[in-house]
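Enquirer: Those protein sequence lines, which keep their order, are chains Y, A and B. Going by the working numbering, the first sequence opens with residue 1, and the numbers climb by one from there. Going by the working numbering, the second sequence opens with residue 1, and the numbers climb by one from there. Going by the working numbering, the third sequence opens with residue 1, and the numbers climb by one from there.
Errors might be hidden in some of the hints.
Label pairs and their computed distance ranges (CB to CB) [unchecked claim]:
id	chain 1	residue 1	chain 2	residue 2	range
1	Y	Val12	A	Gly459	36 to 44 Å
2	B	Ile55	A	Thr129	37 to 45 Å
3	A	Leu2	Y	Glu237	40 to 48 Å
4	A	Lys100	Y	Gly158	51 to 59 Å
5	Y	Ala362	A	Thr129	52 to 60 Å
Simulated from the structure, these hints should not be mistaken for laboratory data. Don't be surprised by glycine CBs; every beta carbon is placed ideally from N, CA and C.
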Amino acid sequence: MKKVKGFSLYKVYVVSCIVLGIAAAFFGLWFLQKLLVPKYQRGVVEGAMIAEYYDSEEPHEVIFLGDCEVYENISTVALYRDYGISSYIRGSAQQLTWQSYYLLEDTLRYETPRVVVFNVLALKYGEPQSESYNRMTLDGMAWSSSKWNAIEASMTEGENMIDYVFPILRYHSRWNELTRTDFEHVFQRDRVTINGYYMRTDILPEAEFPSSMPLADYTLPETSMEYLEMMFDLCRENDIEFVLIKAPTLYPYWYEEWDDQVREFADSHHIPYINYIQLRDQIGLDMTTDTYDAGLHLNLAGAEKFADYIGRYLVINYDLTDYREVPEVARLWEDDIQFYDQLRDAQNAELAEYGELRSWGANAIEN
Amino acid sequence: MLFTSLQFIVFIAVLTAVYHLFVPQNEKWGLLLIASLAFYFFADPRYLIFIGVTAFTAYVFAILTEDYNSKRKAYLKANKESFDSESKKKYKATTARVSKLFLALALIINLGILAATKYTNFVIDTINTWRTEPLSFVNIIIPMGISFYTFQTVSYSIDISRGTVKAQRNFWKFLLFTSFFPQLVQGPISRYGDLSETLYNPKPLELRNFSLGLIRILWGYFKKLVIADRLVIGLKTLVETPDEYKGAYVFVVMMLYAAQLYCDFTGGIDITIGIAQTLGVTVKENFDLPYFSKNIKEYWNRWHMTMGTWFTDYIFYPLSVSPTMLKLSKWSRQHLGNAIGKRVTVYISCFCVWLATGIWHGAAWHFVVWGLMNFVVIMASQELEPLYAKFHNKFGFKGKKWYSAFEILRTFLLMSSLKLFDCYRDVGLTFKMFGSMFYTFNIGKLFNGSLLELGLNKGDYWVASIALVIVFLVSLYKKLKGREAREMLFEKLPLFVLCAVCLLLATVVFGAYGTGFDASQFIYNQF
Amino acid sequence: MDELIEILQDLHSDVDFETCTTLIDDKILDSFDIVSIVSEVNDRFDVAIPAKELIPENFNSAAALWALISRLEED
Chain Y
1 MKKVKGFSLY KVYVVSCIVL GIAAAFFGLW FLQKLLVPKY QRGVVEGAMI
51 AEYYDSEEPH EVIFLGDCEV YENISTVALY RDYGISSYIR GSAQQLTWQS
101 YYLLEDTLRY ETPRVVVFNV LALKYGEPQS ESYNRMTLDG MAWSSSKWNA
151 IEASMTEGEN MIDYVFPILR YHSRWNELTR TDFEHVFQRD RVTINGYYMR
201 TDILPEAEFP SSMPLADYTL PETSMEYLEM MFDLCRENDI EFVLIKAPTL
251 YPYWYEEWDD QVREFADSHH IPYINYIQLR DQIGLDMTTD TYDAGLHLNL
301 AGAEKFADYI GRYLVINYDL TDYREVPEVA RLWEDDIQFY DQLRDAQNAE
351 LAEYGELRSW GANAIEN
Chain A
1 MLFTSLQFIV FIAVLTAVYH LFVPQNEKWG LLLIASLAFY FFADPRYLIF
51 IGVTAFTAYV FAILTEDYNS KRKAYLKANK ESFDSESKKK YKATTARVSK
101 LFLALALIIN LGILAATKYT NFVIDTINTW RTEPLSFVNI IIPMGISFYT
151 FQTVSYSIDI SRGTVKAQRN FWKFLLFTSF FPQLVQGPIS RYGDLSETLY
201 NPKPLELRNF SLGLIRILWG YFKKLVIADR LVIGLKTLVE TPDEYKGAYV
251 FVVMMLYAAQ LYCDFTGGID ITIGIAQTLG VTVKENFDLP YFSKNIKEYW
301 NRWHMTMGTW FTDYIFYPLS VSPTMLKLSK WSRQHLGNAI GKRVTVYISC
351 FCVWLATGIW HGAAWHFVVW GLMNFVVIMA SQELEPLYAK FHNKFGFKGK
401 KWYSAFEILR TFLLMSSLKL FDCYRDVGLT FKMFGSMFYT FNIGKLFNGS
451 LLELGLNKGD YWVASIALVI VFLVSLYKKL KGREAREMLF EKLPLFVLCA
501 VCLLLATVVF GAYGTGFDAS QFIYNQF
Chain B
1 MDELIEILQD LHSDVDFETC TTLIDDKILD SFDIVSIVSE VNDRFDVAIP
51 AKELIPENFN SAAALWALIS RLEED
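Input sequences plus hints: build the corresponding full structure.
Expert: Pasting the structure below:
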């Protein structure tokens, strides 16, 4: 195009080129970012858990916070089926105490539950542990000051805030390892949990754990205890009951000394603390059939038993709604139950066919 | 602040916005100065002292020289009658000595600072190889870009003394010339005569200039991040375990390094000149398709040009045409015959230039040897010229396309071999590795997957290769059409915008940056 | 002027120095040639060309070079 066509027309042409160029650059970066970030759809699905919360439409009266000791051990569907409890597990792999705190903050932006249940295992970590676990927990959070603060608190050495703000800067070299799953899930993700519960139906009986190593210092780190205190305060401000639990699994090892400290905290703050390790028999756990990874985590059978047990405690002690009686919520739960049953059947079918799970867990990890 | 750091990119973006939106035309140089000093300050506040002293020295002696020279000219003019040609000559000679003294002082101080900071430990290290009791190294900082800004001030001092430029009377303006930040990292080495006007009166914001600058910055980042910083990973493995990677691998090193150095250096220069261009400042070109050169002399006229012309103008010429040299030339022609005698002085000057070039590149013996090897090759090709001429007369290959291609390839291989000194950074090792190419036959090994063990995977090789093809095509365009591809693109604005967007996206995705990749320092940093 | 052309012709017999005005710009003369010219001129014309005059403008054509020599002779 030449200038002869009239000055103003030329100007329009130039300006539209520039505007379109800038728009194309932003769109391109946005799309490539969507394409390049890990989707956590197969194998390692823990990175997809946090984001799923925002899609859940029903109200949640109980929120569980913690690491794998909650999201693999408590069946949210069993809680609903048995007691009508509508709950959500905001948990992810090695979710650190401050991450749980900020996830609570985040959750309160959407709803105010009646009870918050925190699993105490993560209290042992006073320092950020690893970038990949950080990423799996933090990347899924919706943007808010809570996310920003959670990142600030979690970054390990060499991590930068900018890489969280623009994940493409961190994940750009994944162009080399993109799989079909990445292309299929640019814009939509498959569901990997049922209200935060990660289901496994396979069985690998509990084995001998390595004996506990003596520690130089049994004091739970100050940082994590501070965030526990902050969680307590946040619950009190919002009129939420705060409950501490220790899941019934034996490993990673939960030391007596730690238990005492948590109990002391609970007593001084007048909140309940239940260590379910001592209650394995009452729960009815049979660790030859109720775990899928030699006792580290419960499988579906175990998670349903534990849910049944902890659910009874919750309905007895707190004034919870029986959502089975609330049609609009029950309808939503019906969908969850349907998905839950389908998932269970699919896993069982694979187990019957191959003797192991191929589409879930370690076998499904894509390289 | 590395060019590839996020801070730098943000720094440039903010500066450019403020510069064009809020600063009046006649105050723009002030913001450039502030930005330059800030750039230095954030690197290390102590650097400011060094650059300040160097700038001040050149500044003061320039004014002294110019004032003195104009005074003596005025005196000559006023007292025309009282001078005859003999006494006039005598007056000129005595006063010229004073002016030379100013120059000498300026050079001694500024080159002294350069020598003291950069070469003290090199000298100590060298002395230590002969001593049983080693001397301890001194803990000294090497200010960023000292080789570059010192050379700029030295050329200024000499130009003032020659009377070819006018002295800058505003210290702050002169400090800007010395410290202009985009070129501090790796040049170009600008001359006061070239840079001053455009620096103090930058071009106003204008679409073409700004767009060309912007795409040039992107192009620089593309070359640097996608190619150079990727290949450096493989190079590191090869060079750091020389015992394992001999023979054919040395050839791989040559090729990788030729590509890596070219993309790193020209990429950095593109970023520099591009930034200057978006700010309305015209900085002199530093490269002119060096890898298309047909002989080594031509290569050095096209590679790091501002350094080459600097050495020519301020060492080679003055040395060659000095009275002593002219006398020596006359003597040698009389005693050694016209053919040889003519070349003796040229070679002496040439030797000095390459010695200096080697030392300038770095305080290490491998650089010195590298410089002298260049000298040897240039001398050899000069001496072989009559032989070539005979050869060409007989066969008439000259000018044929395939022969030109052969010459280009030959020069490329020769220069790539010399660059091995810079790779292995040890004179003995370099010779050993170069030799191993001829007696270790392991070409087969290259194809059994061993190249995938260098830290680069198949995808990396693909990306680097495709990017290199793009770089080659862009260079070829310039070679054939005589102008830059981006200038052609600008005439088709939508295509230009599309290319800019693609460059940006390709660099963001395929760039070798972030965790897992070393943000390797510019090869020419700290020079 | 003829003598000067002769000097130049000695260096590059294939160049038409009478008309060419881009000796430097087109890289016909390189720095080695320039130094040779300076030393020849010094011999034959007894004119010392100082380093500061070794700029493209003075060497782009035989005429420019001749003008330089004449100027320096006068001085």
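Enquirer: Determine for every hint whether it applies to the structure shown.
Expert: Now for the hints, and whether the structure bears them out:
Here the CB-CB span from Val12 of chain Y to Gly459 of chain A is close to 42 Å, well matched to the stated 36 to 44 Å. Here the CB-CB span from Ile55 of chain B to Thr129 of chain A is close to 43 Å, well matched to the stated 37 to 45 Å. Our hint of 40 to 48 Å for Leu2 of chain A and Glu237 of chain Y holds, since their Cβ atoms are close to 46 Å apart. At roughly 55 Å, the beta carbons of Lys100 of chain A and Gly158 of chain Y sit within the given window of 51 to 59 Å.
Ala362 of chain Y and Thr129 of chain A have their C-beta atoms about 58 Å apart, which keeps the hinted 52 to 60 Å range intact.
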